[in-house]
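Taken in sequence, the protein lines are chains V and W.
Residue 158 in the working numbering sits at position 158 of the first sequence; the count goes up by one each step and never skips.
Residue 162 in the working numbering sits at position 162 of the second sequence; the count goes up by one each step and never skips.
Heads up, some of the hints might be wrong.
As the list claims (entries may be wrong) - According to the in silico footprint, chain W covers these stretches of chain V (three or more CB under 8 angstroms from chain W):
1) 158-170
2) 173-181
3) 220-226
What the hints assert, rightly or not - Pair ranges (Cβ atoms, derived):
4) Phe72/W / Ala198/V: 27 to 35 angstroms
5) Leu244/W / Leu209/V: 44 to 52 angstroms
6) Met52/V / Pro120/W: 28 to 36 angstroms
Derived by calculation from the structure, the hints in this document are not laboratory data.
None of these values were measured; they are calculated from a predicted model.
Beta carbons are placed, not taken as given, at the ideal position from N, Cα and C, and that holds for glycine.
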Amino acid sequence: MAETSILSTLGAVIRRDLLLALRRKSDVLTTLFFFVIVVSLFPLGIGPEMAMLRQIAPGVLWVAALLATMLSLPRLFAADHADGTLEQMALSAVPLGVLVTGKIVAHWLLSGLPLALLAPVLGLQFDLPADALGVMVLALLIGTPVLSLIGAVGAGLTLGVRGGGVLVSLLVLPLYVPVLIFGAGAVESHIGGLGATAHLSLLAAFLALAAFFGPWATTVALRIALE
Amino acid sequence: MSNRLVNWFKFASPQTFYPLAGKLIPWFWALTAAFGLAGLYIGFFVAPTDAQQGEGYRIIFIHVPASWMSMFIYLVMAFWAALGLGFNTRLSGMMASALAPTGALMAFLSLWTGALWGKPMWGTWWVWDARLTSELILFFLYLGFIALQSAIDDPRRADKAGAVLALVGVVNIPIIYFSVKWWNTLHQGASVSLTKSPSMAQTMLWGMLLMALAFWMYSIAVSLTRVRAIILERERHAGWVEELGEIRS
Numbered sequence: 001m002a003e004t005s006i007l008s009t010l011g012a013v014i015r016r017d018l019l020l021a022l023r024r025k026s027d028v029l030t031t032l033f034f035f036v037i038v039v040s041l042f043p044l045g046i047g048p049e050m051a052m053l054r055q056i057a058p059g060v061l062w063v064a065a066l067l068a069t070m071l072s073l074p075r076l077f078a079a080d081h082a083d084g085t086l087e088q089m090a091l092s093a094v095p096l097g098v099l100v101t102g103k104i105v106a107h108w109l110l111s112g113l114p115l116a117l118l119a120p121v122l123g124l125q126f127d128l129p130a131d132a133l134g135v136m137v138l139a140l141l142i143g144t145p146v147l148s149l150i151g152a153v154g155a156g157l158t159l160g161v162r163g164g165g166v167l168v169s170l171l172v173l174p175l176y177v178p179v180l181i182f183g184a185g186a187v188e189s190h191i192g193g194l195g196a197t198a199h200l201s202l203l204a205a206f207l208a209l210a211a212f213f214g215p216w217a218t219t220v221a222l223r224i225a226l227e
Numbered sequence: 001m002s003n004r005l006v007n008w009f010k011f012a013s014p015q016t017f018y019p020l021a022g023k024l025i026p027w028f029w030a031l032t033a034a035f036g037l038a039g040l041y042i043g044f045f046v047a048p049t050d051a052q053q054g055e056g057y058r059i060i061f062i063h064v065p066a067s068w069m070s071m072f073i074y075l076v077m078a079f080w081a082a083l084g085l086g087f088n089t090r091l092s093g094m095m096a097s098a099l100a101p102t103g104a105l106m107a108f109l110s111l112w113t114g115a116l117w118g119k120p121m122w123g124t125w126w127v128w129d130a131r132l133t134s135e136l137i138l139f140f141l142y143l144g145f146i147a148l149q150s151a152i153d154d155p156r157r158a159d160k161a162g163a164v165l166a167l168v169g170v171v172n173i174p175i176i177y178f179s180v181k182w183w184n185t186l187h188q189g190a191s192v193s194l195t196k197s198p199s200m201a202q203t204m205l206w207g208m209l210l211m212a213l214a215f216w217m218y219s220i221a222v223s224l225t226r227v228r229a230i231i232l233e234r235e236r237h238a239g240w241v242e243e244l245g246e247i248r249s
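Work out the full structure, taking the sequences as your base and the hints as a guide.
Dropping the structure here:
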């Protein structure tokens with residue numbers, strides 16, 4: 001009984017956030033276009049030699065994904081904080097951790113998942129082979145939830161703080177380093193013929209760790225912000 | 001047992017800790033000077049010139065202690081942060097924020113002296129070596145901690161938010177270190193290794209240890225001075241602060 005109610009609450013939070021995002025599509029789309037534009041700027045800055053572009057493609061796509069995720073972080077809790085929904089959530093009978101998990105999942109569905117689905121198109125611009133594109137998507141699918149989970153802690157800590165948007169980047173980007181290394185490394189080692197299994201396994205390990213600690217730390221951060 | 005416990009917790013209050021810190025600071029400065037002078041003397045005059053690196057190697061007497069301190073201070077900071085978060089003690093949070101600037105300074109010194117050492121030894125200011133890169137990220141973590149604390153006006157909230165960040169950072173530091181290490185071996189960036197340096201002469205080791213002690217004492221003295229300033233700033237409305245001799249005069 002209790003289990004089903006927690007699961008249904010989780011579903012309700014996810015559905016609510018997705019619905020809110022659908023009613024205000026520009027927020028989500030702006031982040032996606034940011035991702036596309038940043039990735040497209042690199043060839044303009046570096047030059048159109050395909051050999052060079054193929055080599056830097058995984059790193060460029062991942063750094064752009066990091067920045068795009070980070071840009072979308074402030075809207076994770078800000079609106080709910082402003083209209084008092086977050087306080088009601090903290091007071092409700094359902095554990096705050098469950099609600100926070102729901103919000104993080106919704107955030108990933110709105111930022112990480114579209115990035116992963118868009119990445120192959122951008123990868124084609126960089127002349128990545130088809131199988132490398134597959135690894136890229138897989139790495140993004142495993143890695144971007146970690147970005148949402150770690151980012152949620154930063155978003156919770158900077159909630160309602162002066163200059164929160166810039167501050168969150170300073171807090172969160174150093175913590176994104178391992179995901180960046182192994183996410184881009186997966187594609188590179190696949191292209192290099194070493195196979196991407198090791199990198200993807202490590203990314204999955206990060207995901208497991210972050211899924212355990214992330215919502216918990218975010219809950220603590222939110223309670224501090226709501227005090 | 002109860003007697004000991006009472007003594008332990010007596011100094012957990014800013015009111016009792018403030019004069020204690022004031023009494024301790026001159027001693028730590030004296031120790032800093034003593035260890036520092038001895039260490040510098042050994043470093044400059046006693047330690048032999050390195051066969052391969054010449055005189056330039058002497059920068060390690062600053063570089064190595066600074067790197068050690070930068071890592072150790074983060075741990076101490078996270079320890080105080082956890083204590084503050086767990087027991088809701090005011091002084092722990094103040095201690096954590098007093099340590100952060102010193103830690104950042106040490107990380108910066110370590111990077112800066114490392115670059116100065118790298119230019120004559122490796123022929124380049126910077127290599128993407130695992131240690132250098134993780135030290136750089138550690139420096140960023142310190143900056144994030146300081147930035148977060150200074151962005152929050154309410155000191156209690158700043159303490160707690162900083163504590164969460166410090167703890168998240170402490171969980172991440174080993175992960176970051178090993179990822180950077182693995183990334184470095186995959187890329188085969190630098191051909192120079194810090195770990196394969198020839199074994200050190202006994203006097204060099206002594207000089208380094210003395211300098212490390214001097215850095216310890218300096219860090220303690222500076223952090224205590226800073227924590228006293230923080231206590232005064234935050235407790236300025238308290239009655240005991242107004243009764244302090246140095247405030248009234």
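Quick rundown of the hints versus the structure:
1. 158-170: holds (count 7)
2. 173-181: holds (count 6)
3. 220-226: This one holds; 4 residues, not fewer than the three required, reach chain W with a Cβ under 8 angstroms.
4. Phe72/W / Ala198/V: 27 to 35 angstroms: With Cβ atoms ~32 angstroms apart, the hint holds.
5. Leu244/W / Leu209/V: 44 to 52 angstroms: This hint holds: roughly 48 angstroms between Cβ atoms.
6. Met52/V / Pro120/W: 28 to 36 angstroms: For proline 120/W against methionine 52/V, whose Cβ atoms are near 32 angstroms apart, the range 28 to 36 angstroms holds.
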